[in-house]
Structure formats: C-alpha cells, structure tokens
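Position one of the sequence shown corresponds to residue 2 (this note's numbering), numbered consecutively onward.
Check before you lean on any hint, since a few could be wrong.
What the hints assert, rightly or not - Distance condition first, Cα-Cα at most 30 Å in a straight line; then the derived BS3-like pairs of lysine-lysine:
hint	residue 1	residue 2
1	Lys125	Lys55
2	Lys34	Lys9
3	Lys104	Lys125
4	Lys125	Lys45
5	Lys55	Lys86
6	Lys84	Lys104
7	Lys125	Lys86
As the list claims (entries may be wrong) - Ranges of calculated distance between the beta carbons of each label pair, as one might list FRET restraints:
hint	residue 1	residue 2	range
8	Val72	Met10	16 to 22 Å
9	Glu62	Asp6	29 to 35 Å
10	Asn107	Val70	33 to 39 Å
11	Gly64	Ile3	32 to 38 Å
12	Glu106	Val72	32 to 38 Å
13	Gly89	Val111	23 to 29 Å
14	Asn107	Cys76	33 to 39 Å
15	Gln4	Glu106	38 to 44 Å
16	Val22	Glu112	22 to 28 Å
Worth flagging that the hints you see were computed from the coordinates, not collected in a lab.
What you are looking at is a predicted structure, and each value in this text was computed from that prediction instead of being measured.
By construction, the Cβ of each residue, glycine as well, lies at the ideal position given by its N, Cα and C atoms.
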Amino acid sequence: MIQIDFDKMGGLIPAIIQDHVSGEVLMVAFMDKKTLDLTLESGKTWFFSRTRNKYWMKGEESGNTQEVVEVLTDCDADSVVIKVKQNGLAACHTGNRSCFYVKWENGQWVEHSNPLFNPDEVYKKG
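Please take these sequences and the hints and turn them into a complete structure.
Following this line, the structure appears as structure tokens:
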C-alpha cells in the first residue's frame, strides 16, 4: 500500500494545483498530513502556510474555492497533483487566474498580468 512520505521535507509535501479541464497550473502550496486528509475528506483544497504557520482552506477569505476532481502522487509519493474545478475568478491572491503569470523573456522576468479582482478589496487587512 502506498503511503505519502511527509518525512523528506520535514512534514510537508508540495501540492501542485491544476485546472482539471485546461491543465493550467494554478498554484503550488504545501500540505502536511492533516491538510491532505482535510482535502481528501472535504473535497476542498486545504494547505499549510509556512509564512503564517497556520492551516487554511483555499478561498476562505476570497470565496475563490477549489473543488477537488482528482488527486495524484508521484512515483516517490512525496508530492501531489490536485486537479480542481476553480470556483470564482482566480486562484492567485494577486487577483490573477494563476500564480504563474511571470515569464522569462529576453533575459528578464516579465509580468503577463491581467488581475481579475483587486486583492486590496478582497483581502481586507485590519
């Protein structure tokens, strides 16, 4: 029986989040055993924030949730790809559809950004 190996990276695994229809990579985040279990049980994506040291469900503030369609692991069982139906406008906290909107072009990083919402309005800090 395959078991996810959380030990290689100190209890965390990378989770690649991909649109289940287009195949577009929407984001990469980290999961521990608890958040992977929550994701598998709830059908919504859950992650562990290394910078905030807390658990979070995608879309808990923005409403841009993700419904799990399929979960795969790699041959080493130390990372996952989660294919999702993206609810709401965007997966990225910057308001962009995908977190991967910066492209290497002609020797420099260039933003190809078309934010779909204003993060200052969605994530009210206070």
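Restraint check for Lys125 with Lys45, where alpha carbons must lie at most 30 Å apart: holds, 23 Å
Whether the CB-CB distance between Asn107 and Cys76 falls inside 33 to 39 Å: Given range 33 to 39 Å: holds, Cβ gap about 36 Å.
Status of the given 32 to 38 Å range, CB of Ile3 versus CB of Gly64: holds, 34 Å
Pairwise beta carbon distance, Gly89 to Val111, judged against the given window 23 to 29 Å: holds, 26 Å
Distance restraint hint 29 to 35 Å, applied to the beta-carbon atoms of Glu62 and Asp6: 31 Å Cβ-Cβ, so the 29 to 35 Å window holds.
Whether the CB-CB distance between Gln4 and Glu106 falls inside 38 to 44 Å: holds, 42 Å
Agreement of Lys125 and Lys86 with the hint, judged by alpha carbon distance not exceeding 30 Å: Holds, at roughly 25 Å.
Agreement of Lys104 and Lys125 with the hint, judged by alpha carbon distance not exceeding 30 Å: Holds: Lys104 and Lys125 sit about 29 Å apart, inside 30 Å.
Beta-carbon spacing of Glu106 to Val72 - inside the hinted bounds 32 to 38 Å or not: Check passed, 33 Å falls within 32 to 38 Å.
30 Å Cα cutoff - pair Lys125, Lys55: Measuring from Cα to Cα gives roughly 18 Å; hence the hint holds.
Outcome for the supplied range 16 to 22 Å, where the beta carbon pair is Val72 and Met10: Given about 18 Å between the Cβ atoms, the range holds.
Holds or violated: Lys34 to Lys9, with C-alpha atoms at most 30 Å apart: Holds, because 13 Å separates the two Cα atoms, which is no more than 30 Å.
Of the numbered hints listed earlier, not one is contradicted by the structure.
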